[in-house]
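> Each chain, letter by letter, is given below.
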Amino acid sequence: MAPVDETELPGVGTRFSFETGDGRLLGVIRHHDGRREVFIADRDDPDCVAVSVSLEEGESHILADLLGGTEIAREVTAVAQGVAGLTVDWVEVPGLPAPATIGALQIRSRTGASVVAVLRGSEPYPAPGPDFSLAGGDVVLVVGTASGVREARNLLQGGGS
Amino acid sequence: MLAELGAVLLGLAVLAVAAGRLGLSPVPFYLLAGLLLGPGGPFELTEIEGFIEVGAEVGVVLLLLMLGLEYSPRDLARGLRTGWLSGIIDLVLNATPGVIAGYVLGFGSLGAAALGGVTYISSSGVIAKLISDLGFTGNRETGTVLTLLVVEDLVMAVYLPLLAAALLGASLGGAFGAVGLVAVVLVVLLRPRRREQRWVQRLFNRSDEAVLLGILGVALAVGALADRLGVSAAVAAFLIGLTLSGEPAERASRLLRPLRDLFAAAFFLFFGLQVDPGALGPVIWAAVALGLLTAATKVVTGWWAARADGVGVWGRRRAAAMLVSRGEFSVVIAELAITAGLDERIGTLSAAYVMALAVVGPLALRAVEVVRRRRTVASA
Chain A
26 MAPVDETELP GVGTRFSFET GDGRLLGVIR HHDGRREVFI ADRDDPDCVA
76 VSVSLEEGES HILADLLGGT EIAREVTAVA QGVAGLTVDW VEVPGLPAPA
126 TIGALQIRSR TGASVVAVLR GSEPYPAPGP DFSLAGGDVV LVVGTASGVR
176 EARNLLQGGG S
Chain B
9 MLAELGAVLL GLAVLAVAAG RLGLSPVPFY LLAGLLLGPG GPFELTEIEG
59 FIEVGAEVGV VLLLLMLGLE YSPRDLARGL RTGWLSGIID LVLNATPGVI
109 AGYVLGFGSL GAAALGGVTY ISSSGVIAKL ISDLGFTGNR ETGTVLTLLV
159 VEDLVMAVYL PLLAAALLGA SLGGAFGAVG LVAVVLVVLL RPRRREQRWV
209 QRLFNRSDEA VLLGILGVAL AVGALADRLG VSAAVAAFLI GLTLSGEPAE
259 RASRLLRPLR DLFAAAFFLF FGLQVDPGAL GPVIWAAVAL GLLTAATKVV
309 TGWWAARADG VGVWGRRRAA AMLVSRGEFS VVIAELAITA GLDERIGTLS
359 AAYVMALAVV GPLALRAVEV VRRRRTVASA
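In order, the protein sequence lines correspond to chains A and B.
Residues in the first sequence are numbered from 26 upward in steps of one, following this note's numbering.
Residues in the second sequence are numbered from 9 upward in steps of one, following this note's numbering.
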């Protein structure tokens, strides 16, 4: 796959571009205000935009969906962005020596962050209780402050040390 | 009085529409209107000069506040890291002709320093508008041009307070005030953010009108304080704008934009009013020569910077043409100079210079586009 070129546009946003297999330069500009701009460069002058479309936030979600983007991760990020000071993170649990319950790991009392859901394979377990037992390969959805979530990640991945 | 104010605003609205139709910035048209309405011009304003003058003072504060808001500290740091070499070339090539012209025309060292600023600084207002109007946001040279504008902004953060202090008092206290203010701002800019942004967040957690009035009040009050210290209100507003970033900056600029447009129009009009059209004659050739020379030096700057970033030939031509535009910043510098009582010809010369280059820059860019389109059609 062609490497993606990333350029900072001060005061505007970030520009990403790459060359497609048939030699066209395709790019996306992420504006600071949340808009996305998709553009195709001119065939003879690849530095110059030939066509561009500006997308509102909802519209770029539609496009991402059509292109096969994943729905759930995006909604979670949207929630996190909607609430200032709240961090949401998916943490993958490595192989644990022995099954450990959420209560035994003392995630909430030690980090202040809460486990909101567990994804085992494709099976979701919303709102698991303290006696829910975690296994290797589980993906845990943690919500809390930025530092709390970071500590919870260490706790889950470092085996509780 | 209301009748005269209404007539003037309507006139400016017509000019703004005409400028938009032609794909040009309204700034040179406002300056022209000022020339025509001022003493010695065909239509002399009688009743609202005082109002325009107050409006102009607010306008320059808003103009610089918004310029400061445009870039985040991250943009500034990154700009400095990636654009320093192009930035130095930009500064040397474009400030030098102004400084030399200032000495040759007998404006003195301070006048020469001011004129160097006038010729150095490209118009980020005109250029940003061109980029979005022509759909060039995704172009490769856009990154190059914006980075250069960021570096120019940073240079202004140091240059303006020093120039203002030298112009307005040259007293020891004023110079210390200026240097101190710059130091504070640089510290705030370079400090890792977030913690000190908390009080800003609290300040901004209010209704739209509270934020609007609050930030305007802060800018004007700090500006007045800075004026006392001999730093100039406009410069203080610029530094305040630089320290705000992220969400608050975005909200502030969204709220302030309409006010800025109104009062900035008053500022350009007022600047034009101060210029005696009869005095244009003697400086017009100097303005034309300086305009041609510094258009050429900006072309060299843009070409070189775009080539250094790996942009192709047409992109280099576009970058070169874009940077030629001079505008609001040049007028602000000239205004500082004549307010301080320097040679009035600096104002006259700058007015003619900006009126010319604010028109030539956009036209040059469009000409490059027309030629490129024609060539590609011919070769296809």
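Mixed in with the good hints there might be a few duds.
Claimed, not checked - In the SDA-like style, the derived pairs of lysine to any residue whose C-alpha atoms are separated by at most 25 Å in a straight line are:
| no. | chain 1 | residue 1 | chain 2 | residue 2 |
| --- | --- | --- | --- | --- |
| 1 | B | Lys137 | A | Gln131 |
| 2 | B | Lys137 | A | Leu166 |
| 3 | B | Lys137 | A | Val168 |
| 4 | B | Lys137 | A | Glu81 |
| 5 | B | Lys137 | A | Leu111 |
| 6 | B | Lys137 | A | Gly161 |
| 7 | B | Lys137 | A | Val118 |
| 8 | B | Lys137 | A | Asp156 |
| 9 | B | Lys137 | A | Pro149 |
| 10 | B | Lys137 | A | Leu80 |
| 11 | B | Lys137 | A | Ile127 |
| 12 | B | Lys137 | A | Gly48 |
| 13 | B | Lys137 | A | Gly146 |
| 14 | B | Lys137 | A | Ser139 |
| 15 | B | Lys137 | A | Ile65 |
| 16 | B | Lys137 | A | Ile87 |
| 17 | B | Lys137 | A | Glu33 |
| 18 | B | Lys137 | A | Ala75 |
| 19 | B | Lys137 | A | Pro151 |
| 20 | B | Lys137 | A | Pro71 |
| 21 | B | Lys137 | A | Leu144 |
| 22 | B | Lys137 | A | Gly183 |
| 23 | B | Lys137 | A | Gly38 |
Said to hold, decoys possible - Some chain B residues well away from chain A (every beta-carbon gap over 12 Å; in silico):
| no. | residue |
| --- | --- |
| 24 | Gly19 |
| 25 | Ala26 |
| 26 | Leu30 |
| 27 | Ile139 |
| 28 | Gly143 |
| 29 | Glu149 |
| 30 | Val153 |
| 31 | Leu156 |
| 32 | Leu157 |
| 33 | Val159 |
| 34 | Pro266 |
| 35 | Gly323 |
| 36 | Glu352 |
| 37 | Leu371 |
Everything labelled a hint here was simulated from the structure, so no lab data went into it.
Given the structure is predicted, the values throughout are model-derived calculations rather than measurements.
A virtual CB, placed ideally from N, CA and C, is assigned to each residue, including glycine.
> Any hints this thing doesn't respect? Which numbers, in order?
1, 2, 3, 5, 6, 7, 8, 9, 11, 12, 13, 14, 16, 19, 21, 22, 27, 28, 29, 30, 31, 32, 33 and 35
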